[in-house]
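Engineer: From first to last, the protein sequence lines are chains A, B and C. Residue numbering for the first sequence is 72 to 249, as defined by the working numbering. Residue numbering for the second sequence is 14 to 333, as defined by the working numbering. Residue numbering for the third sequence is 4 to 431, as defined by the working numbering.
Since the hints were made in silico from the structure, they are not lab data. Predicted model only: the values in this text are computed from it and were never measured. A hint or two may mislead.
Calculated lysine-lysine pairs in the DSBU-like style (CA-CA distance at most 30 Å, straight line) [as the list claims (entries may be wrong)]: (1) 401(C) x 159(C); (2) 137(A) x 55(B); (3) 54(B) x 22(B); (4) 22(B) x 401(C); (5) 54(B) x 137(A); (6) 159(C) x 300(C); (7) 159(C) x 175(C); (8) 55(B) x 272(B); (9) 401(C) x 390(C); (10) 175(C) x 136(C); (11) 251(C) x 300(C); (12) 319(C) x 175(C); (13) 136(C) x 208(C); (14) 137(A) x 166(B); (15) 174(B) x 272(B); (16) 251(C) x 159(C); (17) 272(B) x 137(A); (18) 46(B) x 272(B); (19) 174(B) x 46(B); (20) 46(B) x 84(B); (21) 54(B) x 174(B); (22) 251(C) x 174(B); (23) 251(C) x 175(C); (24) 196(B) x 22(B); (25) 22(B) x 319(C); (26) 208(C) x 196(B); (27) 46(B) x 137(A).
Here is how the chains run, residue by residue.
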Amino acid sequence: MPSRTQLLDDRAIARALARMASEIVERARGTEQLVIVGVQRRGVELAARLKRLIDDAERSGVAFGKLDITLYRDDLQAIGPRPRVGVTELPDLDGRTVVIVDDVLYTGRTIRAALDECADFGRPRRILLCVLIDRGGRELPIQADIVGTTISTAPGDRVDVLVRELDGRDAVEVARDG
Amino acid sequence: MADVPALGKDLTALEHLTAGQLRLILDTAEPFKEVSERQIKKVPALRGRTIVNLFFEASTRTRISFEFAEKRLSADTVSIASSGSSVSKGETLVDTARNLEAMRIDMVVIRHHASGSAEFLGNRIRSNVINAGDGKHEHPTQGLLDILTLRDKFGRIEGLKVAICGDVLHSRVARSNIWGLTKLGAEVAVCGPASLLPRNVEELGVTVIPRIEDAIAWADALNVLRLQLERMQSGFIPSLREYNRVFGLTVDRLERAPKDLVIMHPGPMNRGVEIDSGVADGPHSVILPQVTNGVAVRMAVLYLLAGGSPDWSQQGGGEA
Amino acid sequence: MRPLLLKGGRVIDPSRNADDVADVLLEDGRIAAVGRNVGTPDGAEVLDVQGRVVAPGLVDVHVHLREPGQEDLETIATGSASAVAGGFTSICAMPNTDPVCDNQGVVGFVIAQAQRAAKARVYPIGAVTLGQKGQQLAEFGELVGAGAVAVSDDGKPVATAHMMRTALEYAKTFGIPVADHCEDMSLAAGGAMHEGIVSTRMGLKGIPAAAEEVMVARDILLAELTGGHVHLCHMSTRGSVELIRRAKERGIRVTAEACPHHFSLTHEACVGYNTNAKMNPPLREAEDVDAIREGLKDGTIDCVATDHAPHHYDAKEREFDDAPNGIIGLETALGLSITELVGRGLLTLPQLLYRMSTAPARIFNLPAGTLATGAPADLVVIDPGVKWTVQPETFLSKSRNTPFAGRELTGRAELTIVRGQVAFRRTP
Chain A
72 MPSRTQLLDD
82 RAIARALARM
92 ASEIVERARG
102 TEQLVIVGVQ
112 RRGVELAARL
122 KRLIDDAERS
132 GVAFGKLDIT
142 LYRDDLQAIG
152 PRPRVGVTEL
162 PDLDGRTVVI
172 VDDVLYTGRT
182 IRAALDECAD
192 FGRPRRILLC
202 VLIDRGGREL
212 PIQADIVGTT
222 ISTAPGDRVD
232 VLVRELDGRD
242 AVEVARDG
Chain B
14 MADVPALGKD
24 LTALEHLTAG
34 QLRLILDTAE
44 PFKEVSERQI
54 KKVPALRGRT
64 IVNLFFEAST
74 RTRISFEFAE
84 KRLSADTVSI
94 ASSGSSVSKG
104 ETLVDTARNL
114 EAMRIDMVVI
124 RHHASGSAEF
134 LGNRIRSNVI
144 NAGDGKHEHP
154 TQGLLDILTL
164 RDKFGRIEGL
174 KVAICGDVLH
184 SRVARSNIWG
194 LTKLGAEVAV
204 CGPASLLPRN
214 VEELGVTVIP
224 RIEDAIAWAD
234 ALNVLRLQLE
244 RMQSGFIPSL
254 REYNRVFGLT
264 VDRLERAPKD
274 LVIMHPGPMN
284 RGVEIDSGVA
294 DGPHSVILPQ
304 VTNGVAVRMA
314 VLYLLAGGSP
324 DWSQQGGGEA
Chain C
4 MRPLLLKGGR
14 VIDPSRNADD
24 VADVLLEDGR
34 IAAVGRNVGT
44 PDGAEVLDVQ
54 GRVVAPGLVD
64 VHVHLREPGQ
74 EDLETIATGS
84 ASAVAGGFTS
94 ICAMPNTDPV
104 CDNQGVVGFV
114 IAQAQRAAKA
124 RVYPIGAVTL
134 GQKGQQLAEF
144 GELVGAGAVA
154 VSDDGKPVAT
164 AHMMRTALEY
174 AKTFGIPVAD
184 HCEDMSLAAG
194 GAMHEGIVST
204 RMGLKGIPAA
214 AEEVMVARDI
224 LLAELTGGHV
234 HLCHMSTRGS
244 VELIRRAKER
254 GIRVTAEACP
264 HHFSLTHEAC
274 VGYNTNAKMN
284 PPLREAEDVD
294 AIREGLKDGT
304 IDCVATDHAP
314 HHYDAKEREF
324 DDAPNGIIGL
334 ETALGLSITE
344 LVGRGLLTLP
354 QLLYRMSTAP
364 ARIFNLPAGT
374 LATGAPADLV
384 VIDPGVKWTV
394 QPETFLSKSR
404 NTPFAGRELT
414 GRAELTIVRG
424 QVAFRRTP
């Protein structure tokens, strides 16, 4: 029987995001050339919160974008017959520091697709990766620069990030096949 | 979306799709509109897929639209334009089909003068088959882009009053529109000379409006069909002049419309016959947005069917 | 030739309204006796046909044998073999061969080939016009002299009213009917199926019922004008049936045939672009099917004919518009007729057998359709209740173009006797 454990509650997530926000500004050396890009779907919600945190702290108006990577996936067959393609909206990326934000980093394929897609929109000076949860299990040489929490998981586990805007509450949970 | 049945291997007709499937295609077209607005109008979604555009009937517009759709999805595409019936060319459609399959083509887009030819091909090869117009039967992607354009303009299809005007009898665009619109809840009427309307067209769920002035007074949108000159030669109507005088969409007639009518046309237009330039180039016309939507709709169709493309690495087994 | 005794069957002779359990004795190629306890002559072969129906061999007045000219589709040998497998002992061969059967040479050839095959009897139908071109009358006298039993331009209608009138008048001299394929070409041109809601949905040009009815009306009026005998081929619409009914009430010499597919299938069979449902005249609407059945019941339609039209697999394996018209029918006719007409209680078996043997024989003046003493020993032994599945690959015809593959039917011929000898015996 599958078991569900809560890794982070809403306050733990808020603390992590606050720390990540200031790390982003530090690594990007300021906010002028910064673009925060969220990966659909939950990455977008997290990216929006990070932008708000940064804008409040730095009194800035950081550039923001959304990226849907469905059309850049390397596994068309696995999508199934009824794929949902979300919205992609990106500002100009040329010469900017792009921070890609996603909820969970696992195999790295989603980020690889996101990198390909960004390349079609311009040539950033630098791209950083920011994730709430790094669960290991990489299949490609991809690393996160700013991480909320690192955990180790087994292949059969599922890591779910729930966000208020979509799921009604904030939490990070792991479902294990018991 | 879980209850929407999968689209299957081929798209040959809108007649057999459910409302849910129609909406899936329309919704999937939205992100593809955005791709066409980018500087780099390409996504790798169909990278490495081989697509053949088999056009037995001359058509620049539809063929190019499909070619762009395919290239913007990063597919490898080949277009074959050949005129004349397959019989006179010597190679039958069956043999053409088998040759394509032997070359491991993933998808075929076919336009052919015989009704049923897309289904004929789809039943004989494992590749996905997309109907780009088969005889007088259907032109599914045209129907879909027309509906998408209406949805863009009105925000909905249900309850919309759409009049299809012209040679409905010989029109595959009309048939696809009728199926798609009625399934999504629009009210559909057909308007044209009785000799160019199928005798039992009401059984398809549409009303007949004999005069264009009444269609203009009733409709939210008009889809004006191209009148082919052969119709005059085969005796269906006496002359193009009379057609324009009695049934043509002129600026005068449009001015008497009680609402802001949306004007559509599948193209290419016979200016001065079924539609006057003042209307075609006027503010009510969405003819150019139709063309833009055409590429997005075709990308959506190719993308959705490709999820079920044949797996050539499986010998003999490969069920789409 | 040994005498043949068929013992204990249900003997139905529609020509004499007879329907009893009896024995039938065949000697020297003729019916020697029919009755109970006929007695077994020395050396006679005895066949026990208890539980079976013994009837005059079936007669099909509308068959395309394709020879001379298209022997890859069918030959007189394979066609006449297919006929006896279907229970037919006499068939009429339509003249749209290559060369056209418009002279005594072709008539003689057809008869000679049929005799060589020694299966069903084949009676050639000559052309109405030379080459079936509709311009000049063929020499009816020569054709009849060589063995033709009727004239027809089937495949096409007799082109003009004037030509039809002349043909009807001239045919009176020889006592033969003019069999017409009723189709107004200007209304039907380019049509691939019945003009109706299905053709609209499928985007195919349709052939309206009026295309047939316009010619039926023409032919009836010309028969009335001339006093000649017109036989209307493959009737398919309720309008045609109504026209014929009223013509017969007025005493006009019109006879008519209908094909099993026109009382078994509707235009819905074309859905999916099934070219095996494509024929001319096309499959029509349910109301037309009902009218054809009713017409066979009340005699407005005199007989069942198959319009057996073999086509090559490759020819039918193409786009619907380009596929040729026609389906084979000799080996499914009896089963379809019993299933659709007798099985639905519209006709009794004797009434059906009248329509399939006695009536067509009378119309075309053929020595067939009767078990009277002295008549030719052409019979069919039928199992009227057996259920079987149509498997075209087992047919004796060279061609396989039928829409009934896989269909379960009731009733078929088990044994067919021509000239007193077994021409077909069904092996289980």
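Engineer: The structure should be examined with respect to each hint, and the outcome stated for every one.
Structural biologist: Status of the hints after comparison with the structure:
1. 401(C) x 159(C): It holds: about 24 Å lies between the C-alpha atoms, which stays within 30 Å.
2. 137(A) x 55(B): Holds. Residue 137(A) to residue 55(B) sits at ~18 Å (cutoff 30 Å).
3. 54(B) x 22(B): 27 Å, holds
4. 22(B) x 401(C): Cα-Cα ~35 Å, so violated.
5. 54(B) x 137(A): 18 Å, holds
6. 159(C) x 300(C): Holds, at about 28 Å.
7. 159(C) x 175(C): Holds, at about 22 Å.
8. 55(B) x 272(B): 39 Å, violated
9. 401(C) x 390(C): With Cα atoms ~24 Å apart, residue 401(C) and residue 390(C) stay inside 30 Å; holds.
10. 175(C) x 136(C): 22 Å, holds
11. 251(C) x 300(C): Holds, because 15 Å separates the two Cα atoms, which is no more than 30 Å.
12. 319(C) x 175(C): Given that 30 Å is the threshold and the Cα spacing comes to 40 Å, the pair is violated.
13. 136(C) x 208(C): 25 Å, holds
14. 137(A) x 166(B): Distance ~25 Å between residue 137(A) and residue 166(B) Cα, so the pair holds.
15. 174(B) x 272(B): 12 Å, holds
16. 251(C) x 159(C): 25 Å, holds
17. 272(B) x 137(A): Violated, at roughly 39 Å.
18. 46(B) x 272(B): It holds: about 28 Å lies between the C-alpha atoms, which stays within 30 Å.
19. 174(B) x 46(B): 25 Å, holds
20. 46(B) x 84(B): 14 Å, holds
21. 54(B) x 174(B): 35 Å, violated
22. 251(C) x 174(B): 52 Å, violated
23. 251(C) x 175(C): The hint holds at about 19 Å.
24. 196(B) x 22(B): 21 Å, holds
25. 22(B) x 319(C): The hint holds at about 24 Å.
26. 208(C) x 196(B): 25 Å, holds
27. 46(B) x 137(A): Cα-Cα ~16 Å, so holds.
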